[in-house]
Amino acid sequence: MEPMIRIENVSKTFYGKENTVEALKGITLDINAGDIYGIIGMSGAGKSTLVRCLNFLERPTEGTVYVEGKDLSAMSGKELLKMRRSVAMIFQHFNLLMQRTVLDNICFPMEIAGVKKSEAREKAREYLKIVDLSEKENAYPAQLSGGQKQRVAIARALAMDPKILLCDEATSALDPTTTKSILALLKEINRKYGITIVIITHSMEVVQEICTKVAIVDAGELAENGTVEEVFTSPRSKAARKLVFQGERKVSLMKSKRCIRIVFTVNSSFEPVIANMVLECKASVNILLADTKNIGGIARGQMVLQLPEDEQVAERMIAYLRERNLTVEELEDYVD
Amino acid sequence: MLTSSEISMLLEATGTSVYMTLVSTLMAYVIGLPVGILLVVCAPGGLKPRKLVFKVLDIIVNITRSIPFLILMLLATPLARAITGKSYGANATIISLTLAAAPFIARLVESSLLEVDKGVIEAAQSMGAGTWSIVTKVLIGEARVSLIVGSTIALGTVLGYTAMSGAIGGGGLGDVAIRYGYNRWNMKILLATVVLLVILMQFIQVVGSRLSKKLDRRLTD
Numbered sequence: 001m002e003p004m005i006r007i008e009n010v011s012k013t014f015y016g017k018e019n020t021v022e023a024l025k026g027i028t029l030d031i032n033a034g035d036i037y038g039i040i041g042m043s044g045a046g047k048s049t050l051v052r053c054l055n056f057l058e059r060p061t062e063g064t065v066y067v068e069g070k071d072l073s074a075m076s077g078k079e080l081l082k083m084r085r086s087v088a089m090i091f092q093h094f095n096l097l098m099q100r101t102v103l104d105n106i107c108f109p110m111e112i113a114g115v116k117k118s119e120a121r122e123k124a125r126e127y128l129k130i131v132d133l134s135e136k137e138n139a140y141p142a143q144l145s146g147g148q149k150q151r152v153a154i155a156r157a158l159a160m161d162p163k164i165l166l167c168d169e170a171t172s173a174l175d176p177t178t179t180k181s182i183l184a185l186l187k188e189i190n191r192k193y194g195i196t197i198v199i200i201t202h203s204m205e206v207v208q209e210i211c212t213k214v215a216i217v218d219a220g221e222l223a224e225n226g227t228v229e230e231v232f233t234s235p236r237s238k239a240a241r242k243l244v245f246q247g248e249r250k251v252s253l254m255k256s257k258r259c260i261r262i263v264f265t266v267n268s269s270f271e272p273v274i275a276n277m278v279l280e281c282k283a284s285v286n287i288l289l290a291d292t293k294n295i296g297g298i299a300r301g302q303m304v305l306q307l308p309e310d311e312q313v314a315e316r317m318i319a320y321l322r323e324r325n326l327t328v329e330e331l332e333d334y335v336d
Numbered sequence: 001m002l003t004s005s006e007i008s009m010l011l012e013a014t015g016t017s018v019y020m021t022l023v024s025t026l027m028a029y030v031i032g033l034p035v036g037i038l039l040v041v042c043a044p045g046g047l048k049p050r051k052l053v054f055k056v057l058d059i060i061v062n063i064t065r066s067i068p069f070l071i072l073m074l075l076a077t078p079l080a081r082a083i084t085g086k087s088y089g090a091n092a093t094i095i096s097l098t099l100a101a102a103p104f105i106a107r108l109v110e111s112s113l114l115e116v117d118k119g120v121i122e123a124a125q126s127m128g129a130g131t132w133s134i135v136t137k138v139l140i141g142e143a144r145v146s147l148i149v150g151s152t153i154a155l156g157t158v159l160g161y162t163a164m165s166g167a168i169g170g171g172g173l174g175d176v177a178i179r180y181g182y183n184r185w186n187m188k189i190l191l192a193t194v195v196l197l198v199i200l201m202q203f204i205q206v207v208g209s210r211l212s213k214k215l216d217r218r219l220t221d
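These protein sequences, in sequence, are chains A and B.
For the first sequence, this note's numbering gives the first residue as 1, with consecutive numbering after it.
For the second sequence, this note's numbering gives the first residue as 1, with consecutive numbering after it.
Treat the hints loosely; a few may be bogus.
To be verified - Here are a few chain A residues that sit away from chain B, every Cβ distance over 12 Å (derived from the structure): (1) Leu-81; (2) Thr-101; (3) Glu-111; (4) Ala-113.
Said to hold, decoys possible - Only some residues are given here: those of chain B computed to face chain A with a beta carbon under 10 Å: (5) Glu-6; (6) Asp-58; (7) Val-120; (8) Ala-124; (9) Met-127; (10) Ala-143.
What the hints assert, rightly or not - Here are the simulated DSSO-like pairs of lysine-lysine, each with C-alpha atoms no more than 27 Å apart in a straight line: (11) A:Lys-17 to B:Lys-137; (12) B:Lys-213 to A:Lys-82; (13) B:Lys-118 to A:Lys-136; (14) B:Lys-48 to A:Lys-70; (15) A:Lys-17 to B:Lys-48.
Everything labelled a hint here was simulated from the structure, so no lab data went into it.
What you are looking at is a predicted structure, and each value in this text was computed from that prediction instead of being measured.
Think of the CB as a built atom: it goes at the ideal place given N, C-alpha and C, for glycine as much as any other residue.
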């Protein structure tokens, strides 16, 4: 199957007066139709530049991007404008027109595309219903909360009837609860309308919550990509590891330097695995990091445990965890 | 007190001043608005960077702005005569007022448009909006409050210029102030023209402020 978006050897260099910045270095990536694809990286990694290359708001210095098989670098100015109408985008700071009502904001892309005003208004109301903000159609953006503004921006994006939705740090300015509801809305849009979604974020949580695939960008290079499960369970690159272990390192009073990481993927949320292991082996462990969630009755997430000094007990614990179908991985130098 | 003929003269002069101010500001906007838009659009890093157009306009605006108004009026006399047939009076003055105000207005428009959030412009670009749509719908629409504040400043400045134009036969309140107030040392008339100018200026400012506040949707009530 032809990918929805093919990023082919894309490099972007910004030439300043005194210094040049290589924001992207030879990135190649396929994003398939229907994917919710996360592009994650620390700030300054180049992910925002990368997403702007997908609709040619930034023109790559080298390489090219294909959308539905069409080479963007071969398009004329007019063709690019037309292509952009099928690639919607939402932003960290929402970027709504402050002097227009909510409804007129949603009408805006249709206005650009030359849709009749009465028809546009009717459609805009439908989109407003999808994002659950019907009662705010005559409000102005300044009267809305951050989450509501992002919902308006999503409705405005839908008004373009897009095949692709690019999200540039769309939840980074929102609190955790609002973030969850926005992510749920994006998920629903992906499922209902089959819109391919590309999510730029610096947060592993966002990726875990919603993405099917993930690419990790580090210092302008593609460090690693694959399904979220693959990358999360066994991160290969240093950048991936750093992002997966986003938690702070804690100094422990336990003397042992032996640490393991456990990844939960299939166990029941209601099975107290660690407590049972401690009871069974009659030795304590120190939980250095725990980030697990109950998703549909299945425990998902990870823990980092510091094992007792006694090697035999430690081995028994690892064996116990492996028996329970958990992925166990030894961590070197997690505690110094 | 003022005689009735003095009063009617002052009222007529007020009317002339208002007429000159409004017409020349309007005409100056016809020139200044597109120039201001071009300065923003063609600037380096603008919507459609055109270095040459930007440089040329930038220099013309700077030169015309640096010529003092009275001298510009003198320089514009041949042009005024060619267009209106006279080198003095209200209509002739309007030509030079327009020339003097246009570059100033171009700068006012430029600074208003530059205030528009770059993110909103980027959003419009991501929707496939062309330069024309972005200028008319995003730049002007989002900057409208600032543009109105700017036009209030422009009207006030032009009103000041009309008074100055009286020095070389421009007509209006400035003319009366010079001929009666200064040349004949009639203090009452001189003061009356000042009071009338103050009232006009206040009126422009109050209307401009009210209008801009009323049209601003960024304030929540």
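Now the hints, each set against the structure:
no.: 1; hint: Leu-81; verdict: violated (4 Å)
no.: 2; hint: Thr-101; verdict: violated (8 Å)
no.: 3; hint: Glu-111; verdict: violated (7 Å)
no.: 4; hint: Ala-113; verdict: violated (7 Å)
no.: 5; hint: Glu-6; verdict: violated (48 Å)
no.: 6; hint: Asp-58; verdict: violated (19 Å)
no.: 7; hint: Val-120; verdict: holds (5 Å)
no.: 8; hint: Ala-124; verdict: holds (7 Å)
no.: 9; hint: Met-127; verdict: holds (4 Å)
no.: 10; hint: Ala-143; verdict: holds (9 Å)
no.: 11; hint: A:Lys-17 to B:Lys-137; verdict: violated (33 Å)
no.: 12; hint: B:Lys-213 to A:Lys-82; verdict: violated (37 Å)
no.: 13; hint: B:Lys-118 to A:Lys-136; verdict: holds (25 Å)
no.: 14; hint: B:Lys-48 to A:Lys-70; verdict: holds (25 Å)
no.: 15; hint: A:Lys-17 to B:Lys-48; verdict: holds (20 Å)
Hints 1, 2, 3, 4, 5, 6, 11, 12, counting from the list given before, are not met by this structure.
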